[in-house]
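Protein chains: 2
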Amino acid sequence: MELYSKEYFMNEALKQAKIAFEEGEIPVGAVVVCKNRIIAKAYNQTEKLNDVTAHAEMIAITSAANYLGSKYLIDCSLYVTLEPCLMCGGALFWSQITQLYFGATDPKRGYQRFKETILHPKTTVEGGILANESASLLHDFFKKLRN
Amino acid sequence: MELYSKEYFMNEALKQAKIAFEEGEIPVGAVVVCKNRIIAKAYNQTEKLNDVTAHAEMIAITSAANYLGSKYLIDCSLYVTLEPCLMCGGALFWSQITQLYFGATDPKRGYQRFKETILHPKTTVEGGILANESASLLHDFFKKLRN
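Residue numbers (my numbering), protein chains in the order written: chain A, 33 to 179; chain B, 33 to 179.
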């Protein structure tokens, strides 16, 4: 059971997304929560690191595993402001993470557009948490980029 | 056009897989080739780094992008001894890599078991290069692990 609400943790992920926004990165943020504590925070850094693998989720998974000293994120939750892509969905599979919470859906590149099961059978999923806030931030980012 | 053969580069990837084997890692190796030169070499390090994302392909993609100073691996080929998983397939999609060559197939976790297109439409694929050598190495590893 988590003492803080899902919205609380998603808001922490949104704060990470806002850092990405300010740094000119597609604004996606993530936190990993274990036993009601945030053990990893990350935001998308694909531009800064010149690395397509540097999605918020990937950095958060690596950071959380480093914190725990375990590559499996058992009893952990990932909160991410946007539905993970296939790469991140594949990484979440390997991590055997217990819960995935995401904000806005990504009909174009989200893992859910695939018919087959992508995540680990142990992983439970809930989308739509602070979805509007996440979608607004992404919308503002791409609007700014086009201008 | 590549002056060296596909088998030559795959053998270089196999050498990386053998390093993984010696270090107690699932023996998978990869190299990235650009303009007939190897610009990145990597092997699976999930155990050593305690990180499920540290597959040979992921490390090789990051390393090649770092070398090129570009996150897109245009005119590059990835040679990997085992069919990439979904995470690595997703990363290859983002990288827009030109060619993927792999050795053994992975019916259980390979990206090809998915019906939908995983890789970038620009990416061409050829499997089965030095497949027996790669499969033997994996077989020996798991046999040793069980004993």
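Don't take every hint at face value.
You can't tell identical chains apart in this list, so a pair holds if it fits in one copy or across any two.
To be verified - Restricting the straight-line Cα-Cα distance to at most 20 Å, the calculated cross-link-like pairs of lysine to any residue (SDA-like) are:
(1) K80 / S102
(2) K50 / T155
(3) K67 / T130
(4) K80 / L100
(5) K147 / S102
(6) K73 / A86
(7) K140 / T155
(8) K140 / N179
(9) K147 / N43
(10) K80 / E55
(11) K67 / S102
(12) K154 / R141
Derived by calculation from the structure, the hints in this document are not laboratory data.
Between copies, within a copy, both or neither: which fits K147 and S102 at Cα up to 20 Å?
neither (30 Å within a copy, 32 Å between copies)
Is it within, between, both or neither when you check K80 against E55 at 20 Å Cα-Cα?
within (8 Å within a copy, 32 Å between copies)
How do K154 and R141 come out at 20 Å by Cα distance, when the copy is not named: within, between, both, or neither?
between (23 Å within a copy, 17 Å between copies)
Up to 20 Å CA-CA - L100 versus K80, copy category
between (26 Å within a copy, 14 Å between copies)
Within, between, both or neither: how does the pair K67, T130 come out at a Cα-Cα threshold of 20 Å?
Answer is within: at 12 Å inside a copy they meet the 20 Å cutoff, but 43 Å across does not.
Using 20 Å as the alpha carbon limit, work out where K50 and T155 are close: within a copy, between copies, both or neither.
For K50 and T155, neither the intra-copy (27 Å) nor the inter-copy (33 Å) Cα distance is at most 20 Å.
If the cutoff is 20 Å on CA atoms, where do K140 and N179 land: within, between, both or neither? Let me know, please.
For K140 and N179, the Cα distance exceeds 20 Å both inside one copy (23 Å) and across copies (46 Å).
Intra/inter-copy verdict for K140 and T155 if alpha-carbon distance must be at most 20 Å
Cα proximity of K140 and T155: across copies only (19 Å, versus 22 Å in one copy).
When no copy is specified for K80 and S102, does a C-alpha distance of 20 Å or less occur within a copy, between copies, both, or neither?
between (28 Å within a copy, 11 Å between copies)
Using 20 Å as the alpha carbon limit, work out where K67 and S102 are close: within a copy, between copies, both or neither.
Cα proximity of K67 and S102: one copy only (15 Å, versus 39 Å across).
Homo-oligomer pair classification [A86, K73; C-alpha up to 20 Å]:
Answer is both; intra-copy 13 Å and inter-copy 19 Å each pass.
At most 20 Å between C-alpha atoms: does K147 with N43 qualify within a copy, between copies, both, or neither?
neither (30 Å within a copy, 36 Å between copies)
Violation of the numbered hints given earlier is confined to hints 2, 5, 8 and 9; the remaining hints are satisfied by the structure.
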